[in-house]
Structure formats: C-alpha cells, structure tokens
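Colleague: Chains as they are written, first to last, in our numbering: chain C, 427 to 567; chain B, 427 to 567; chain A, 427 to 567; chain P, 427 to 567.
Misleading hints may appear alongside valid ones.
Intra- or inter-copy, both count: the list cannot distinguish identical chains.
[Unchecked claim] List of simulated lysine to any residue pairs, SDA-like, C-alpha gap at most 20 Å:
1) K546 <-> G494
2) K546 <-> L468
3) K546 <-> R490
FYI, nobody ran anything at the bench for these hints, they're computed from the structure.
4 protein chains.
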Amino acid sequence: MKSPHEHRVRVRYGETDQMGVVHHANYLHYMEDGRTRFLEELGLSYAELERTGCGLPVRRAQLRFLRGAGYDEELVVTTTVAGMRAASVTFGYVIRGADGERVATGEIELACVDLASERKPRPLPGELVELLRPWVAAGEA
Amino acid sequence: MKSPHEHRVRVRYGETDQMGVVHHANYLHYMEDGRTRFLEELGLSYAELERTGCGLPVRRAQLRFLRGAGYDEELVVTTTVAGMRAASVTFGYVIRGADGERVATGEIELACVDLASERKPRPLPGELVELLRPWVAAGEA
Amino acid sequence: MKSPHEHRVRVRYGETDQMGVVHHANYLHYMEDGRTRFLEELGLSYAELERTGCGLPVRRAQLRFLRGAGYDEELVVTTTVAGMRAASVTFGYVIRGADGERVATGEIELACVDLASERKPRPLPGELVELLRPWVAAGEA
Amino acid sequence: MKSPHEHRVRVRYGETDQMGVVHHANYLHYMEDGRTRFLEELGLSYAELERTGCGLPVRRAQLRFLRGAGYDEELVVTTTVAGMRAASVTFGYVIRGADGERVATGEIELACVDLASERKPRPLPGELVELLRPWVAAGEA
Chain C
427 MKSPHEHRVR
437 VRYGETDQMG
447 VVHHANYLHY
457 MEDGRTRFLE
467 ELGLSYAELE
477 RTGCGLPVRR
487 AQLRFLRGAG
497 YDEELVVTTT
507 VAGMRAASVT
517 FGYVIRGADG
527 ERVATGEIEL
537 ACVDLASERK
547 PRPLPGELVE
557 LLRPWVAAGE
567 A
Chain B
427 MKSPHEHRVR
437 VRYGETDQMG
447 VVHHANYLHY
457 MEDGRTRFLE
467 ELGLSYAELE
477 RTGCGLPVRR
487 AQLRFLRGAG
497 YDEELVVTTT
507 VAGMRAASVT
517 FGYVIRGADG
527 ERVATGEIEL
537 ACVDLASERK
547 PRPLPGELVE
557 LLRPWVAAGE
567 A
Chain A
427 MKSPHEHRVR
437 VRYGETDQMG
447 VVHHANYLHY
457 MEDGRTRFLE
467 ELGLSYAELE
477 RTGCGLPVRR
487 AQLRFLRGAG
497 YDEELVVTTT
507 VAGMRAASVT
517 FGYVIRGADG
527 ERVATGEIEL
537 ACVDLASERK
547 PRPLPGELVE
557 LLRPWVAAGE
567 A
Chain P
427 MKSPHEHRVR
437 VRYGETDQMG
447 VVHHANYLHY
457 MEDGRTRFLE
467 ELGLSYAELE
477 RTGCGLPVRR
487 AQLRFLRGAG
497 YDEELVVTTT
507 VAGMRAASVT
517 FGYVIRGADG
527 ERVATGEIEL
537 ACVDLASERK
547 PRPLPGELVE
557 LLRPWVAAGE
567 A
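Let the hints inform the model, and build the full structure from the sequences given.
Modeller: Here is the structure:
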C-alpha cells in the first residue's frame with residue numbers, strides 16, 4: 427500500500443447553501459474529482475475508458491459529514507483504494523479543510539458495466555486491475 | 427397568441443447559496459423545466475424528440491435577476507414563445523415569487539441540431555413548428 | 427407505524443450525465459425534497475424551523491443505486507422515519523421509477539444543531555419529536 | 427487595459443448531461459470561479475468582502491454557447507472588466523476549449539448590495555473600484 431492520492435478543490439459559491447456551508451450533495455462531486463485525478467496520475471483516463479465501452483457507475487456510497495466547509499475554502503480530497511472485486515472497485519475518501527481537520531469521509535463502490543449492452547455487469551478491465559492492485563489497502567486485495 | 431404556460435416549482439434547499447437565496451445558475455434549470463412542461467402540454471415530449479435524433483441545445487441566454495427567491499418558496503415559471511426561425515426557437519420567461527412579484531426574467535434561444543452527426547444544425551421538425559406557431563408572439567412569426 | 431409518505435419528482439435534463447441517466451449526487455436532492463414534503467404534510471415547515479434557530483444538517487448518508495433513471499422519468503420518493511434519538515433523526519428512502527422498480531434506496535441521518543451558536547448539537551425540538559414519533563419504525567422508537 | 431485574467435477548470439462528470447457535453451447552467455459556475463480568482467489575484471477576497479457586509483449578487487447575465495465542451499476537458503476562462511458604475515460592475519468572459527476554440531462567451535453584471543439591510547443597493551467599496559479601474563476596457567470607465 428502506497429501513500430494516498432491528494433486532490434485540492436476550492437469551494438464554489440454555488441456549492442454553499444443557506445446554512446453558509448457546502449451542501450452535502452457536492453461532496454459526491456469532490457470525491458468523483460478525486461478518483462478521476464487519482465486514475466489520471468496512474469496513467470488511466472476515465473474519459474478514455476468510457477470511449478472503449480466500459481463504464482464505472484456508482485453503486486453504493488457511504489458518507490459521513492463531520493463539520494461544515496465554507497465558501498472558497500481549499501479542501502484536500504484524499505483518495506485510497508478500499509477494496510477490489512472481479513466487477514467492482516471501492517474507493518475510500520477523507521476530505522480535510524484548510525485547518526487540516528476532517529470535513530467528510532466516505533466510501534464509494536463503483537460497478538463495472540458494459541455501456542454498449544444496457545449497462546450489463548462485466549469484469550474490471552485488466553489494465554485497471556493492474557494499476558490499482560498495488561494501492562489496495564493491506565489485507566483487502 | 428394564447429395565454430402563456432405556467433409551471434410551478436418549489437425551491438430546493440441545495441438550490442440556495444450562502445446569501446440565503448436561490449443561486450442564479452438554478453434559474454436555467456427552472457426555465458428548462460418550464461419549456462419541457464410547456465411542450466408536454468402541447469403533446470410533444472422533448473425526451474421523445476431526442477430519441478428521433480433531434481436535439482435542441484441552448485445557444486443563447488439572456489437573464490435578469492430582480493429579487494432573491496427563498497428556500498421552499500413556490501415560484502411560477504411562465505413560458506412563452508418569443509420567436510421562431512427555420513433552425514431555432516426562442517422562449518421567453520417570467521418567474522414570479524409567492525407574492526406575485528417578478529423574481530427573474532429571461533430569453534433562451536435553442537438551436538435545432540442533428541444528434542447523430544456531431545450536432546450539425548438542421549431545420550426544426552415540422553411537428554414542432556406546427557405546435558408552436560400559434561404561440562409565437564404577435565408580429566414575430 | 428403508518429403508511430409511508432410519497433413525493434413525486436420529474437428528472438430534469440441537467441440532472442442527467444453523459445451516461446444518459448441521473449447523476450448519483452442528485453438523489454440527495456430528491457431525498458431532501460422527500461423529507462421536506464413529509465414534514466410539511468405533518469404540519470411542520472423546515473424553512474420555519476430554521477428561522478427559529480434550529481437546523482438539521484446531514485451527518486451521515488448511506489445510499490444504494492440499483493438502476494439508472496432517465497431524463498423526464500417520474501420518480502416516486504418514499505420517505506419513512508428509520509429512527510430517532512435525542513439529538514438526531516434518521517430518514518429511510520426508497521425511490522422507484524416509472525415502472526415501479528427500485529432505482530435507489532438510502533438512509534440519511536440529520537443532526538439537530540443550534541444555528542445561532544456555531545451549529546452546536548442540541549436536542550430535537552419537542553414539536554418535531556411529537557410529530558415524528560408515530561412514524562418511527564416499530565421497535566425503533 | 428491590461429492582459430486578461432485566465433482561470434483553468436476541468437469539466438466534472440456530473441456537469442455533463444445526456445447530450446454528452448457540459449450542461450449550459452454550469453458555465454455560470456465557471457464564470458463565477460473566474461471572477462473570484464481574478465479578484466483574488468488582485469488581492470481582494472470575495473469571501474472577505476461578504477464578511478464586511480457587502481455582497482455582489484448577479485443582476486444580469488448574457489450568455490452565448492458556441493460549441494459543446496466534453497467531460498474532463500480543460501477549459502480556460504478569461505475574465506475581463508467590461509464596465510463599472512457607481513453601484514455595479516460588469517465582467518466579460520470568453521471560455522475556450524482544449525483546442526483553443528471558443529466554447530462560450532458571456533457578460534455578467536453584479537449589483538453591489540448591503541447584506542445587513544435586505545440587500546439594499548449601495549455603492550461599490552472604494553477598494554474594489556481602485557483595484558478594478560485599471561482593468562476596465564478602454565472607453566468604458
């Protein structure tokens with residue numbers, strides 16, 4: 427297991443709500459950004475993967491919101507690989523605020539599907555498995 | 427010209443921002459809802475239209491924001507046909523708050539494109555032209 | 427335990443993504459709508475509650491996505507009370523598509539906080555507890 | 427007039443719609459990001475400005491959409507000052523795609539308001555006027 431991937435995101439005005447903090451739904455976008463950049467850094471473009479007919483829709487999400495994050499705050503999204511199976515992969519997330527405190531944590535499971543045949547389940551592409559295997563948390567692979 | 431179409435929408439929590447009112451970008455969604463329901467009432471499903479390969483992407487938008495709208499407020503979106511050309515149609519909008527006051531107004535021009543051939547411009551489908559013609563503002567058709 | 431609350435929502439164009447179905451983050455907005463309407467039907471306005479200084483931010487969300495939902499599809503959001511504690515309440519959700527099939531399910535825990543004092547935890551207002559108690563799933567209250 | 431400010435933004439998955447390109451409402455968020463970073467580079471934090479009780483809500487937007495932008499595409503948002511009055515400022519925008527082609531253009535007028543007294547109009551703060559004056563397009567100041 428290697429050191430986790432970090433992605434920085436600045437909170438947009440339109441992502442806050444009238445409570446004065448980020449609306450909780452937006453964390454799913456930040457996490458999506460996190461895994462996209464993580465895969466990109468490993469050399470895999472998710473956009474390219476979809477063009478080959480392979481999609482990774484979200485099947486399950488578990489989220490905890492620990493404190494509010496403010497407009498324009500720079501958040502750090504840490505992405506790890508929490509687990510991998512034949513036809514799915516689960517990413518783990520910790521999002522920290524400008525003060526280093528945890529703002530939100532999560533686990534997102536993506537199913538691998540065939541975009542050409544009505545999103546039928548299919549095994550993860552071998553290339554993706556090879557790239558992610560070294561990152562799977564110890565005892566999980 | 428007939429009496430305009432009205433669509434009611436309740437402001438969602440996540441549509442407000444930290445100023446305590448609807449974030450301006452959301453009015454484009456409300457207006458999109460307005461024209462979808464308008465077309466539906468005329469007997470035309472935009473979802474169905476796209477399945478025939480014809481799309482109506484937004485090409486131009488002119489928006490004015492007159493006062494803030496609050497969380498949970500019921501807004502009334504009035505949609506009219508401001509103009510129609512061979513390959514585009516322009517909808518006009520007035521959005522009023524619970525007190526009847528104008529919250530936002532707009533004009534949205536949609537281009538007609540062929541979804542199968544890289545969104546190349548094409549004439550509006552005859553069926554759409556027939557349905558909208560009676561609604562075009564006087565002196566505009 | 428009474429029969430659950432149902433709220434109908436039509437999928438907006440801007441809520442779909444390039445996979446041709448609703449982007450998963452939007453289900454959090456649909457669920458938020460569901461509990462707002464549920465409370466409203468019980469006679470409690472969440473907007474009003476916030477004006478008294480009491481907020482209910484989301485603390486935890488567990489979501490499962492079972493099939494994609496399409497543009498313009500009418501979804502039925504069923505909201506139940508999955509549990510209630512001194513300072514938090516958990517809503518349960520089943521979202522069904524136009525065909526009656528389950529599209530997504532979830533559980534959302536809201537913490538009760540004092541909006542005036544930096545969102546410090548506080549007990550649920552007595553009025554809210556009284557309204558929700560009859561709806562708590564058997565054996566959970 | 428100086429050379430314009432550039433801000434780079436990557437298109438998120440959830441910002442695309444089923445037409446396979448960025449949903450038009452999202453350009454308003456990109457433009458908001460553009461002016462926030464522009465002001466920041468000039469030494470003014472919009473978040474800080476709001477804490478002093480001065481807000482800049484959008485009063486008017488004029489947008490043109492020239493071609494679609496794809497998922498994960500890096501867009502360049504160029505922000506200029508199109509005009510300034512006693513109680514409002516107008517920003518101009520050109521958004522270009524990865525190929526340098528124009529994707530969207532716009533003009534956004536912000537009104538200056540007093541957040542403490544129901545968003546009543548007020549003059550732009552002197553500090554903001556001083557910072558923006560050198561950037562106002564020739565013949566516009």
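Colleague: For which of the previously enumerated hints does the structure constitute a violation, in increasing order of number?
Modeller: 2
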